[in-house]
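Asker: I would like the entire structure built from these sequences, with the hints used as guidance.
Read in order, the letters of the sequence shown correspond to residues -2 to 544 in my numbering.
It is worth saying that the hints were derived from the structure and are not from the lab. Please read these numbers as outputs of a predicted model, since none were measured by experiment. We put the CB at the ideal spot given by N, CA and C, even for glycine. Misleading hints may appear alongside valid ones.
Unchecked claim - As a list, the in silico PhoX-like pairs of lysine-lysine whose alpha-carbon atoms are at most 20 Å apart:
| no. | residue 1 | residue 2 |
| --- | --- | --- |
| 1 | 353 | 52 |
| 2 | 507 | 542 |
| 3 | 514 | 479 |
| 4 | 416 | 381 |
| 5 | 381 | 423 |
| 6 | 40 | 50 |
| 7 | 503 | 479 |
| 8 | 507 | 541 |
| 9 | 52 | 64 |
| 10 | 346 | 277 |
| 11 | 269 | 226 |
| 12 | 254 | 269 |
| 13 | 32 | 52 |
| 14 | 269 | 220 |
| 15 | 514 | 503 |
| 16 | 50 | 33 |
| 17 | 503 | 465 |
| 18 | 50 | 353 |
As the list claims (entries may be wrong) - Using C-beta positions, here's what the derived DEER-type ranges look like:
| no. | residue 1 | residue 2 | range |
| --- | --- | --- | --- |
| 19 | 181 | 221 | 35 to 41 Å |
| 20 | 418 | 506 | 52 to 58 Å |
| 21 | 315 | 535 | 40 to 46 Å |
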Amino acid sequence: MVKKNSKIFILLLAIAISMQFAYCANSIVPTTAEKKAVNTIIKQVDGFSETFKLKLLNKFNGGVMSKNDIQLTVHLHKAGLDEAILEKIIENKILKPIYDKYYQISHQLTSIESKLDLSNKQHQDYRHMAEIAINAKENIIKLKDDEIEKLNKDIDSTIKLSNDLASMDNPEAKKALEELQNGNYEYAIKVFDSIIADPVKLEEKKHAKVYFNAAEARSLSNKYQESYKFYLKAVDRDEDNYEYLSQAAWMSMYLIKKEALELLERKLDIEKNKLKNEEKTADTYNTIGRVYDNLGNYEKALEFYNKSLDINLKTIGEIHSETATTYNNIGRVYYALGNYEKALEFYNKSLDITLKTIGEIHSSTAITYDNIGQVYYALGNYEKALEFYNKSLDIKLKTIGEIHSETATTYNNIGIVYKALGNYEKALEFYNKDLNIYLKTIGEIHSETAATYNNIGGVHRALGNYEKALEFYNKDLNICLKTIGEIHSDTAITIWNIGVVYYQAKQYKKACDNIEKAISIFKQTLPANHPHIINAQSWLEGVKKEM
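Answerer: See below:
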């Protein structure tokens, strides 16, 4: 049991006791009386900077935040959250979920004990569960967007488990959930599996619930591959359950599974035809775009990103962080397609909105600077590339620190520029900073780690260290095959690089085989006029002349 943090518990009680008003999620035009009231509320807050007060007023006057949102923000601040965390919470549209979830947990602290006759230790475990959730939200400012998404799913799972505990009528399952709250994941998995092995114990939909809880237990113990299989089994047994489908779809995308698109399409159908929720629909369109993006199908990625953009422009408008994110995604696709002019156009649209809504010193701004630097690098403008990469690095060191995967990304980008400038010593310096952080934060089997191995291989190739170059390129290739598969443009780039090393080492047959394989994959994943195809074919012609 982790020692209780009194400040965290004060936050929980503050939300539970003070937030007894309805939350309005829709954007509205405030009345004159409301404007005066909100002005008074914000001005009386001790600890808010004038800049943050102005941001809150602008969001309220623009209909982005309601009076209740402002009151909730003030209460969260009084309970211990600082401006940076509040800004991230508001940006990610989780103000209402924070209130809903933590009020729900605090209510359970007084109601579940009587319902289930919990022991004092179990009662304390619920308090501990609440602390874990709140701690996670407090740390949200330090996370990448995909980590935020995963974190929200984990917190949803934790809170859902407490609901299940109050409602499940199977004593074994109830006991398993209690042990899960205590961190005894293996015990919970064993019990859930024993229930699953005897299907007469539960009716079909409750059986699906046990499968789902078995999946959650595995997810909490970081057994994601196993967890995914049980999510699918839950969906098979209760296919109209939106919660089960959403978790399965999210996990399929996280693990890069072939079923991702099918699950997301089913999720989309519920959102459009049953929930009729345009915000969820836009988000799912964006997620489907990301899947196609990861698969290297850039035309389909653009199709779904633009669908998401159309809804965002209609519902939340141009000057909004979600719109900025979609512009950024579209820019990334144009970059992948080699259309650098269009990529800059959309990245700059994203940057303009980001600077207006969240300002300069923010992780999202840093990411956009990284993307713009990447385009300038592709255009051969290394001075401008370094300018934007260094802007990004400065922000990241101030906001998330050095040991973070996003900081590693910028170190990597700076290393790429130094390599292009022929400064191999500086390039290796930044690549190794990058690699050390990735291995500490995201591990070996990850696309970013693979990219860094590829870049280190490139430096050794340039230095004529062909054996070392092949060592790092093959590390890259092994990760690519495990994560994105063979038919992907990133995998093809690595195979092409291996071919170039063999060419420079005068092993022309191996060079020809690898470059031909790379071209074949490029033709399956990229437009016929893409620079990668043209350049690889030029290399192949050169190799054949030497054979």
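Asker: For each hint, tell me whether it holds in the structure or not.
Answerer: Against the structure, the hints come out as follows:
1. Annotation: proposed proximity of residue 353 to residue 52 holds, straight-line Cα distance about 10 Å (limit 20 Å).
2. The hinted pair formed by residue 507 and residue 542 meets the criterion: a straight-line CA distance of about 14 Å does not exceed 20 Å.
3. Only pairs whose Cα atoms come within 20 Å are accepted, and residue 514 paired with residue 479 is accepted, the gap being roughly 18 Å.
4. Proximity of residue 416 to residue 381 is assessed by CA-CA distance (about 15 Å); at most 20 Å being required, the pair is judged to hold.
5. Restraint check for residue 381 and residue 423: satisfied, since their Cα atoms lie roughly 18 Å apart, inside the 20 Å limit.
6. Distance check on the hinted pair: residue 40 and residue 50 sit about 8 Å apart at the alpha-carbon level, within 20 Å; holds.
7. Distance restraint check for residue 503 and residue 479: the Cα-Cα separation of roughly 30 Å exceeds the 20 Å cut-off, and the hinted pair is therefore not satisfied.
8. For the given pair, residue 507 sits about 11 Å from residue 541 by alpha-carbon distance, which is consistent with the 20 Å threshold.
9. For the proposed pair residue 52 and residue 64, the alpha carbon gap of about 14 Å is at most 20 Å, so the pair holds.
10. Distance check on the hinted pair: residue 346 and residue 277 sit about 23 Å apart at the alpha-carbon level, beyond 20 Å; violated.
11. Between residue 269 and residue 226 the CA atoms are separated by roughly 26 Å; this puts the pair beyond 20 Å, and the hint is violated.
12. Restraint check for residue 254 and residue 269: the C-alpha separation of about 24 Å exceeds 20 Å, so the hint is violated.
13. Taken as a hint, the residue 32 and residue 52 pair is honoured in the structure, with Cα atoms around 14 Å apart against an allowance of 20 Å.
14. With a C-alpha separation of about 32 Å, the suggested pair residue 269 and residue 220 falls outside the 20 Å cut-off, and the hint is violated.
15. Distance check on the hinted pair: residue 514 and residue 503 sit about 18 Å apart at the alpha-carbon level, within 20 Å; holds.
16. Distance hint between residue 50 and residue 33 is fulfilled; the C-alpha atoms sit about 14 Å from each other, no more than 20 Å.
17. Straight-line distance between C-alpha atoms of residue 503 and residue 465 comes to about 16 Å, which keeps the hinted pair within the 20 Å bound.
18. With a C-alpha separation of about 15 Å, the suggested pairing of residue 50 with residue 353 holds against the 20 Å cut-off.
19. The supplied range of 35 to 41 Å is broken by residue 181 and residue 221, whose beta-carbon atoms lie about 19 Å from each other.
20. A hinted range of 52 to 58 Å for the beta carbons of residue 418 and residue 506 is inconsistent with their spacing of about 34 Å.
21. Between residue 315 and residue 535 the Cβ separation comes to about 42 Å, which falls inside the hinted range of 40 to 46 Å.
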